[in-house]
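*Asks:* Sequence:
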Amino acid sequence: MKYKVGLAIAGAFGLWLANSGTAFAQEEISTAELAVAMDTFFLLIAACLVFFMQAGFAMLTAGLTRSKNTANILFKNLMDFVMCSIAFWAVGWGLAYGTSAGGFIGTDQFFLGNVTAEGEVPILASWFFQVVFAGTAATIVAGAMAERTKFVAYLTYSFILSLFIYPVVVHWVWSGYGWLNGGDGTWGFTDFAGSTVVHSVGGWAALMGAIILGPRLGRFSSDGKPKTISGHSMALAMLGAFILWLGWFGFNPGSELAIGSQGSADAVALIAVNTNLAAAAGAVGALVTAWLRYGKPDLPQTINGVLAGLVAITAGCAYVTPVFAVLIGFIGGPLVVLAAEMLEKLKIDDPVGAVPVHLVVGIWGTLAVGLFAAYEGNTGTTGLFFGGGATLLIAQIVGILAIGLWTAGLAGAMFFAIKATIGLRVSKEEEEAGLDIGEHGAVAYPDLSPSRPYMPGASAD
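Throughout the sequence shown, residue numbering follows mature numbering (1 follows the signal peptide of the UniProt record, and there is no 0), covering -25 to -1, 1 to 436 in sequence.
In short, the hints are calculated from the structure, not lab data. Careful, some of the hints might be misleading.
Calculated pairs, DSS-like style, for lysine-lysine (alpha carbon to alpha carbon, straight line, at most 30 Å) [unchecked claim]:
1) LYS200 x LYS394
2) LYS320 x LYS202
3) LYS394 x LYS322
Simulated restraints on C-beta separations [stated by the list, open to error]:
4) LEU313 x GLY193: 31 to 37 Å
5) GLY364 x ALA240: 27 to 33 Å
6) LEU99 x TRP381: 27 to 33 Å
7) GLY88 x ALA395: 32 to 38 Å
8) ALA365 x LEU99: 38 to 44 Å
9) GLY94 x ALA395: 22 to 28 Å
10) PHE360 x ASP83: 37 to 43 Å
11) PHE79 x GLY193: 42 to 48 Å
12) LEU9 x SER402: 56 to 62 Å
No residue lacks a Cβ here, since even glycine has one placed at the ideal position from N, Cα and C.
All chains, please: the whole structure from these sequences, using the hints.
*Replies:* So this is what it looks like as C-alpha cells:
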C-alpha cells in the first residue's frame, strides 16, 4: 500500500514538473531583459547609497561646528535635498539631459515629460540616480557657509543651483551631446563620476558664498590672525565621514551605470577598489602633513584627508590602476591641509573645509586623469604618462577652466542678488545666540540649554 501511494505521489510530482517546465518556457526571460533588470536594480541601489551621503554631510557639518547651530545645520541638510528634488524634477533634468541646443543646454523633458524608453534602463531610474548627485553638489555649499547664513537664503540658493547652474554643467559633460564631451569634434573632457562636475561645482559655489558672506564673528582677531573655533562633536564628524565613505561606493561604482555584463562587472570592481584605496591614501597623506606641520596628529584634518582621497579619485576611478589610485589619493591629503592654511591667510572662513576638499582636490583629481589614465576614456586616448600625449590633459584643463568660470560667475551673481534682496547673513545678535534659536526658535540639545527659548504661541507649561 505504501509503495502505491509513493508511486502516485511521484507521478503527480512528475506531471507538475512537466507542466511547470512548459509554463516557464513560455515565460522565459531573455538575456537582454535580465541585463536591463540587473542594471536597473544596480542603479537604484547605488542611488540609495548616494542619497545616504546626505546624512553623512549632515553629521560631518554638525560635528565640526558649534552646538548652538546644530538644529539649523541639520534642517538645511534636509531642505537642500528637498529643494533639489523639486528643482531637478521640474527643470534641472531637462536642462541636463534634454535635446541639446548647440551642446550647451537641454531643451525638453521638463517635469519628466516624454521620458519613456524601451529595452533599456528606465529613464525614471536614471533620474533618481542623477538627482542624488545634484543634491550632493548643493550640500557641499552648506559647510562653507555654516553658522551665519539665513535659512531663507539657503533655501533660495539650493534651489537655483539645482535648477540651473549644476544641470548646465552636466549637459556639457555627461549628456553625450555637450560641447566639452559629446563625441567627435568636442574636447573629450573626462570626468567619470564628478570630481569637477559635482565636487568642484559645489566647491566653486561654496567659495563664492564664503567670500561674499564673510567670516564668522570671532574667526579672525583685530590684527587679522586666525582664531580656532572648534566643532562640538568629533563623534558626529567621524560618523559623517564613515557614512560618506560608504556612500561613495554608490557614487563611483554606480556611475558605471551597468553591471549586467562581464565587462561592466569588472569595471565596477576596479572602481570600488580604486575608491577605497584612494580614501585610505588621502587619510595617510593628510595625517602625515598635519603631524609634521602642527606637531600632533589632527583628527579633523585626517577626516578631510579621507574625503580628499575620495574626491580626487572620483574623476578617474574607472581609468587608472590601483597603484595610481593610491598616488592620486595620497596627494589629495596634503592639498587639503595646505589649502585650508591658504584660506586662512586670505581671511576666508570655511568651517568644515569644504573648499579645500571639494574644489581644490576636485581640480587635482580631474587633472590626474590627464596624467595617469591607463585605460582609454572618452577621448579615446590615455594620459600623459601612459603614451597618450597631452591631448587628454589639455581637455581636462579646458573643462576645469570653463566649468570654474561658469559656476563662480553665476554663483557669485546669485549670492550678491540674494544679499541685496532677502539678505544673506543673520544679524550679529542671532549669530552670537546661535542660529538654532534665532532662525528656528529651537535648540538641538535642550537638556544643555540654560532655559527653553521663547516661541510665539507656545504654552507656558
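*Asks:* Does each hint hold? Answer for all of them.
*Replies:* Here's how the hints hold up against the structure:
1. LYS200 x LYS394: holds, 27 Å
2. LYS320 x LYS202: Holds, at roughly 12 Å.
3. LYS394 x LYS322: Holds, at about 20 Å.
4. LEU313 x GLY193: 31 to 37 Å: violated, 24 Å
5. GLY364 x ALA240: 27 to 33 Å: holds, 31 Å
6. LEU99 x TRP381: 27 to 33 Å: holds, 28 Å
7. GLY88 x ALA395: 32 to 38 Å: holds, 35 Å
8. ALA365 x LEU99: 38 to 44 Å: Holds - the Cβ-Cβ distance for ALA365 and LEU99, about 41 Å, lies within 38 to 44 Å.
9. GLY94 x ALA395: 22 to 28 Å: Given about 51 Å between the Cβ atoms, the range is violated.
10. PHE360 x ASP83: 37 to 43 Å: holds, 42 Å
11. PHE79 x GLY193: 42 to 48 Å: holds, 44 Å
12. LEU9 x SER402: 56 to 62 Å: holds, 60 Å
When each numbered hint is compared with the structure, violations occur for hints 4, 9.
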